[in-house]
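So the chains spell out like this:
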Amino acid sequence: MKKLAVVLLLVSGLSYSHEMTPTYPKWKRAHLSGILKAKMELFNKRNDVEYYEIGVFNKDFEPVPFVSAYSVIKLKYLGKVVFDVFINSTDKSRVVYICSKSKLRKEDLRRTAVASRICSKFKD
Amino acid sequence: MFKSLIIILASISTFALAENTSINGSVQSRCIISTDTEGTYGNPNAYTLTTAVSDGGVLAVTRFDVTLADAYYAQITAPNSFSTSPSLPDTVTWTGDTVVKAISDSTGMADYETNKVEFDYTDKYDMTATGSTWFKTTSAATMGGSKAYAGGSYTSLVLAECIAQ
Numbered sequence: 001m002k003k004l005a006v007v008l009l010l011v012s013g014l015s016y017s018h019e020m021t022p023t024y025p026k027w028k029r030a031h032l033s034g035i036l037k038a039k040m041e042l043f044n045k046r047n048d049v050e051y052y053e054i055g056v057f058n059k060d061f062e063p064v065p066f067v068s069a070y071s072v073i074k075l076k077y078l079g080k081v082v083f084d085v086f087i088n089s090t091d092k093s094r095v096v097y098i099c100s101k102s103k104l105r106k107e108d109l110r111r112t113a114v115a116s117r118i119c120s121k122f123k124d
Numbered sequence: 001m002f003k004s005l006i007i008i009l010a011s012i013s014t015f016a017l018a019e020n021t022s023i024n025g026s027v028q029s030r031c032i033i034s035t036d037t038e039g040t041y042g043n044p045n046a047y048t049l050t051t052a053v054s055d056g057g058v059l060a061v062t063r064f065d066v067t068l069a070d071a072y073y074a075q076i077t078a079p080n081s082f083s084t085s086p087s088l089p090d091t092v093t094w095t096g097d098t099v100v101k102a103i104s105d106s107t108g109m110a111d112y113e114t115n116k117v118e119f120d121y122t123d124k125y126d127m128t129a130t131g132s133t134w135f136k137t138t139s140a141a142t143m144g145g146s147k148a149y150a151g152g153s154y155t156s157l158v159l160a161e162c163i164a165q
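Residue numbers (the numbering used here), protein chains in the order written: chain B, 1 to 124; chain X, 1 to 165.
Keep in mind that the hints were calculated from the coordinates and are not lab data. Possibly wrong hints are sitting among the right ones.
Only pairs whose alpha carbons sit at most 35 Å apart, straight line, appear in this in silico DSBU-like list of lysine-lysine [what the hints assert, rightly or not]:
#: 1; chain 1: X; residue 1: LYS116; chain 2: B; residue 2: LYS39
#: 2; chain 1: X; residue 1: LYS116; chain 2: B; residue 2: LYS101
#: 3; chain 1: X; residue 1: LYS147; chain 2: X; residue 2: LYS136
#: 4; chain 1: X; residue 1: LYS136; chain 2: X; residue 2: LYS124
#: 5; chain 1: B; residue 1: LYS37; chain 2: B; residue 2: LYS80
#: 6; chain 1: B; residue 1: LYS121; chain 2: B; residue 2: LYS80
#: 7; chain 1: X; residue 1: LYS136; chain 2: B; residue 2: LYS101
#: 8; chain 1: B; residue 1: LYS59; chain 2: B; residue 2: LYS123
#: 9; chain 1: B; residue 1: LYS45; chain 2: X; residue 2: LYS147
#: 10; chain 1: X; residue 1: LYS124; chain 2: B; residue 2: LYS80
#: 11; chain 1: B; residue 1: LYS59; chain 2: X; residue 2: LYS124
#: 12; chain 1: X; residue 1: LYS124; chain 2: B; residue 2: LYS92
#: 13; chain 1: B; residue 1: LYS45; chain 2: B; residue 2: LYS123
#: 14; chain 1: B; residue 1: LYS92; chain 2: B; residue 2: LYS37
#: 15; chain 1: X; residue 1: LYS136; chain 2: B; residue 2: LYS121
#: 16; chain 1: B; residue 1: LYS80; chain 2: B; residue 2: LYS45
#: 17; chain 1: X; residue 1: LYS101; chain 2: B; residue 2: LYS59
#: 18; chain 1: X; residue 1: LYS116; chain 2: B; residue 2: LYS121
#: 19; chain 1: X; residue 1: LYS116; chain 2: B; residue 2: LYS26
#: 20; chain 1: B; residue 1: LYS123; chain 2: B; residue 2: LYS28
#: 21; chain 1: B; residue 1: LYS123; chain 2: X; residue 2: LYS147
#: 22; chain 1: X; residue 1: LYS124; chain 2: B; residue 2: LYS76
Short derived list, chain B residues pointing at chain X, Cβ under 8 Å [as the list claims (entries may be wrong)]:
#: 23; residue: TYR24
#: 24; residue: ASN58
#: 25; residue: TYR77
#: 26; residue: SER89
#: 27; residue: ALA113
#: 28; residue: ALA115
#: 29; residue: LYS121
Since the structure is predicted, the reported quantities are computational estimates derived from the model, not experimental observations. Cβ atoms here follow ideal geometry from the backbone N, Cα and C, with glycine treated the same way.
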């Protein structure tokens, strides 16, 4: 019975989770002068979510301009994506967080759902 | 001649068996947010929607897994608006709260609830230990003037955030 409970616990954990790494990314020079880039990885283990919105913020969670291939990433269940976030090097000192937030489609909402947001932090 | 051939063949097959297949992996700190239970509003009277179990509701439960201590804050925000609903006849008063439901480390996580910071509808926890923590969120929406909710589907969102420290 205990084993069954553990299995159910693991299965439930595997079904609906969202993760983004690294926790502490680093800026690197992009191929264009004056542009910095950070490489992030997003993994979708939420079978109720297909879209994640990327955001770049300062310490007060005010948005900072950035460029990425997509600001909203479509990611299938159990899909993984590696994406680059580009900023102007003059914004480096004020950028603190890169966040990904799950986006739920209106037609998919049946109950009180959970929107998840994970934020990585620049520490230097 | 035949013996030599056997020895050569044996040598070749040994080389083939010695071929290594590597499995690479890296371990890094991470936070994983999981939806454990989606909540449901009960409707104990015409003007109240609540997740209270005694009123027929179901509490929303969110699970946080962290693999590095002192690296993350968990922030859970109870709903303060409907994400989908029929038209509302009056303003809605929202109440909501989040508490720790279960922990995987009874020593390292014992103080999570007492040390949390609350502001508005948000509860902020300092994840000082590695492991899993389950948070349950209550939500209630009371229609102003005791007016009745219109028939239809009402949904709202709990926001669960994992923010690197």
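**Asked** Which of the stated hints cannot be reconciled with the structure, identified by number in ascending sequence?
**Response** 9, 21, 24, 25, 26
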